[in-house]
Amino acid sequence: MVDLTRQYDVLVVGGGNAALCAAIGARRSGASVLVLEGAPKFYRGGNTRHTRNFRCAHDSATETLTGPYSEEEFFDDLLRITGGETNEPLARHMIRESKEVLIWLGEQGIQFQPSLGGTLTLGRTNAFFLGGGRAMLNALYRTAEDLGVDILYDAPVTALDIQDGMFLSATITRDQATSVVRARTLVAAAGGFEANIEWMKEYWGEAADNFLIRGTPYNRGSVLRMLLDSGVQEIGDPTQCHAVAIDARAPKYDGGIITRLDCVVFGVVVNKNAERFYDEGEDVWPKRYAIWGRLVAAQPDQIAYIIFDASSLKLFMPSLFPPITGGSIRELAQKLELNADVLDKTVSDFNAAVRPGTFNYNDLDDCRTEGLTPPKSHWARKIETAPFYAYPVRPGITFTYLGVRVNDQARIIMKDGKPAANMFAAGEIMAGNVLGRGYAAGIGMTIGSVFGRLAGRGASKNARN
Amino acid sequence: MRATDMHTTATHTTAALSEADRLMVVCNSCRYCEGLCAVFPAMEMRRTFLDGDLNYLANLCHSCGACYSDCQFSPPHEFDVNVPRTLAKVRADSYQAYAWPRAFSGMFARNGLAISVVAALSVAAFVLGFVAFRDPDVLFGTHTGPGAFYRLMPHNAMALLFGAVFLYAILAIVMSARAFWRDIASGTSSNAKPFWQAVKDAGSLRYLDGGKGGCMNDDDRPTDRRKHYHHATSYGFLLCLASTSVATLYHYLLGREAPYAWYDLPVLLGTLGGIGLIVGPIGLLAAKWRRDPALVDESRFGMDVAFIVMLFMTSLTGLALLVLRATPAMGTLLAVHLGVVFALFFTMPYGKFVHGIYRFLALMQYAREHE
Ligand SMILES: Cc1cc2nc3c(=O)[nH]c(=O)nc-3n(C[C@H](O)[C@H](O)[C@H](O)COP(=O)(O)OP(=O)(O)OC[C@H]3O[C@@H](n4cnc5c(N)ncnc54)[C@H](O)[C@@H]3O)c2cc1C
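Going line by line, the protein sequences match chains Y and G. Counting from 928, one number per residue, gives the positions in the first sequence under this note's numbering. Counting from 3, one number per residue, gives the positions in the second sequence under this note's numbering.
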């Protein structure tokens, strides 16, 4: 049984990758540790449950990674995807640490496998978890338990007592009863606020009502809010988040990876007025999938439809829901409740603009449109072979970037620029420190593991000094 | 209704097959489990799942449970993904669907009961037969030396009876395995590689390890316990089979009659195998009782237990016979042992035994697909 009357060295709030790496890091360096996970046991680990890989620098190929990925290359990738909106020293520090963390994760019982089918492009840069994120979490929890970390489920933190940058205690609410937990140091690892639609509305307005949340319903940002309200310095653009276009039929929360659609580049995407609005073939899909959430969010009623024909049906990974089918574009339009005349015209205009070329999905090919706005720069092939297919899509929010500022020890920085006396943060809740915008697959876990381990070790040292 | 109920890729004859199809659609759009075993890579080669595809995948599954505890969508998640249990149902149904002759496929329903009845009847028949055909002096007398057993039942009668039931079992199993193979096999293979690959994979229970970690059993800590007990059981069985075969050769080729001395090959093989068949089944039964009920098809509990118990009884009665063969109990023990062995062979095509055959064929198809 967990004894809530004692004072722990380190209190970890959250139960995902960042939290568990912090808890294990702290415990291994000698601290007594309590983990408070807001979710019930089955849903432990927030968005980490849905992940599959971890991006890390490494000097040579491993059993499962196909080749080296240097610190320099990793940093260049980060610079490119964020358009420079990162904190260079912090990012370089993270990348350097990621090398060791890959090995460290293995020592915590996590098993890796070669990149999954359909993700070959990541085989060199990203370590894939055997069995996925929940398997990874199960291993971390087993290790934490073996080491003697105390863990409480269904224990959301509902208040933090912080005075002058000094953490004193946390209040948890279980079955409507509250209890106060004291600890010498705090590690905040409670994720972002993407599941808090009301909060999202502050930046997105009513449109946020049409957002689907791909991950856990438990990341409501309450801990982030409490920290920001207690004099902690904010970082990151609140409107920035990782958002992709996912199947509109997905559940509101926790639909995970299986509702994603990788077929934008094979067809055209229209809004509810049956009109195109963006170049579907701008760049290879891995580099573009993460802009489509925002693009769809900007369309009326936050809905769009990917339209393609029989020639493309089997070129992409299958997804959870079947496509909507029509024998003609008009029939398809009727099923989608779109204006059939307009959709017919959109598709014929597109077909008329397609230039002959050699189709090659794996590369930027020469199949493109001419004289069409917006253009389709690659993989443009006529949509003419019945049956015709459509997937309705909506913005699917992966995670938010607004967070708390930290230094290179994962220690929280206060509004006045001074490091907090005994507070650390890791994971989504501080992702904005390195990820101003954009996204590179697997970097969410890098941020969680690297800063989690740093935070745990730092908190342990802090508590025992 | 679950969010995923609408999506299967084909129509099916049973609810279990429809559920398996629904799950394969979920799993095929995730693929996080592809490194765990053969089921998921085989699934990835398909986009539609007909009955034969699902029977194939179900027989590739060794029910280690790893994919269940690794799954972010297992219950209580609304997607309600439970691959091990669903495939266990489909697998057991498949034995029934392909059973030969069709008229006996009903033996799979309430299989535990059916097998107990057959076993009891055949033991009774042997005991009564001995009593009826031999006078009490012979039955309860002490017999030693070569040919001792045959004073109770002439060797030729024994050979005829067991030869017949053995051949029948082989015929019934071959016929049903052939029907299964026709349904799952695709492509052609010109060499024997897939066969040897399947021998290796089945023989080592390669996929009963959750992709390295072990089986998920009763808690969230995987172990290899079931794998080890299964090895004891199956290799024990094979050693016993070898013992009988060697004894048959002794009899016909060398004219040497049972019982043999303890250091003779049939006794050595039989004893070793017998020990495996004691330890293995006890371990498997214990593991079975402790398994997380979420992972198993509870309606087939009887079938699994009946087969394990039959193996155990075969060994127990055989070892008892070995130890007590020079005492007056020998006659009765021989009758009981022969009754159990007879029932084992007779029910073999209609019980859990066939899982080994179906799994072997599924693994062979897997090796062909992945050549
Ligand atoms: C479908 C999907 C796929 C993804 N795939 C990948 C991938 O392959 N690679 C990758 O790097 N990233 C991926 N991500 C992003 C990744 O999930 C996150 O970056 C990562 O999980 C963040 O880790 P974390 O520990 O900070 O937060 P989480 O893992 O979300 O953990 C937050 C925890 O805090 C708990 N919590 C929240 N509020 C409270 C409270 N008040 N009190 C107590 N506990 C609380 C939650 O219950 C949860 O356990 C994916 C995300 C999604 C949605």
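The hints are simulated quantities; they were obtained by calculation from the structure and are not laboratory data. Check the hints yourself; a few may be wrong.
[Said to hold, decoys possible] Here are the in silico distance ranges between beta carbons for each label pair:
1) G:Lys214 with Y:Glu1072: 16 to 22 angstroms
2) G:Ala12 with Y:Ser987: 42 to 48 angstroms
3) Y:Asp1091 with G:Pro78: 56 to 62 angstroms
4) Y:Pro967 with G:Ala12: 32 to 38 angstroms
5) Y:Lys1262 with G:Ala181: 39 to 45 angstroms
6) G:Val201 with Y:Phe1204: 28 to 34 angstroms
7) Y:Glu999 with G:Phe197: 48 to 54 angstroms
8) Y:Glu1161 with G:Asp221: 18 to 24 angstroms
9) Y:Asp1228 with G:Ser301: 55 to 61 angstroms
10) G:Ala166 with Y:Glu1072: 46 to 52 angstroms
11) G:Asp221 with Y:Ala1237: 45 to 51 angstroms
12) G:Arg49 with Y:Leu1291: 52 to 58 angstroms
13) G:Lys214 with Y:Glu1027: 20 to 26 angstroms
14) Y:Asp1335 with G:Lys214: 51 to 57 angstroms
[Unchecked claim] Within a straight-line C-alpha distance of at most 20 angstroms, the following computed SDA-like cross-link-like pairs (lysine to any residue) qualify:
15) G:Lys214 with Y:Arg1101
16) G:Lys214 with Y:Pro1178
17) G:Lys214 with Y:Pro1041
18) Y:Lys1179 with G:Val28
19) Y:Lys1179 with G:Glu80
20) Y:Lys1241 with G:Ala44
21) Y:Lys968 with G:Asn84
Virtual Cβ for every residue (Gly too), placed ideally from N, Cα, C.
Okay, the hints, checked on the actual structure:
no.: 1; hint: G:Lys214 with Y:Glu1072: 16 to 22 angstroms; result: 20 angstroms, holds
no.: 2; hint: G:Ala12 with Y:Ser987: 42 to 48 angstroms; result: 46 angstroms, holds
no.: 3; hint: Y:Asp1091 with G:Pro78: 56 to 62 angstroms; result: 43 angstroms, violated
no.: 4; hint: Y:Pro967 with G:Ala12: 32 to 38 angstroms; result: 36 angstroms, holds
no.: 5; hint: Y:Lys1262 with G:Ala181: 39 to 45 angstroms; result: 41 angstroms, holds
no.: 6; hint: G:Val201 with Y:Phe1204: 28 to 34 angstroms; result: 58 angstroms, violated
no.: 7; hint: Y:Glu999 with G:Phe197: 48 to 54 angstroms; result: 50 angstroms, holds
no.: 8; hint: Y:Glu1161 with G:Asp221: 18 to 24 angstroms; result: 43 angstroms, violated
no.: 9; hint: Y:Asp1228 with G:Ser301: 55 to 61 angstroms; result: 48 angstroms, violated
no.: 10; hint: G:Ala166 with Y:Glu1072: 46 to 52 angstroms; result: 58 angstroms, violated
no.: 11; hint: G:Asp221 with Y:Ala1237: 45 to 51 angstroms; result: 49 angstroms, holds
no.: 12; hint: G:Arg49 with Y:Leu1291: 52 to 58 angstroms; result: 27 angstroms, violated
no.: 13; hint: G:Lys214 with Y:Glu1027: 20 to 26 angstroms; result: 23 angstroms, holds
no.: 14; hint: Y:Asp1335 with G:Lys214: 51 to 57 angstroms; result: 35 angstroms, violated
no.: 15; hint: G:Lys214 with Y:Arg1101; result: 38 angstroms, violated
no.: 16; hint: G:Lys214 with Y:Pro1178; result: 33 angstroms, violated
no.: 17; hint: G:Lys214 with Y:Pro1041; result: 14 angstroms, holds
no.: 18; hint: Y:Lys1179 with G:Val28; result: 17 angstroms, holds
no.: 19; hint: Y:Lys1179 with G:Glu80; result: 11 angstroms, holds
no.: 20; hint: Y:Lys1241 with G:Ala44; result: 17 angstroms, holds
no.: 21; hint: Y:Lys968 with G:Asn84; result: 18 angstroms, holds
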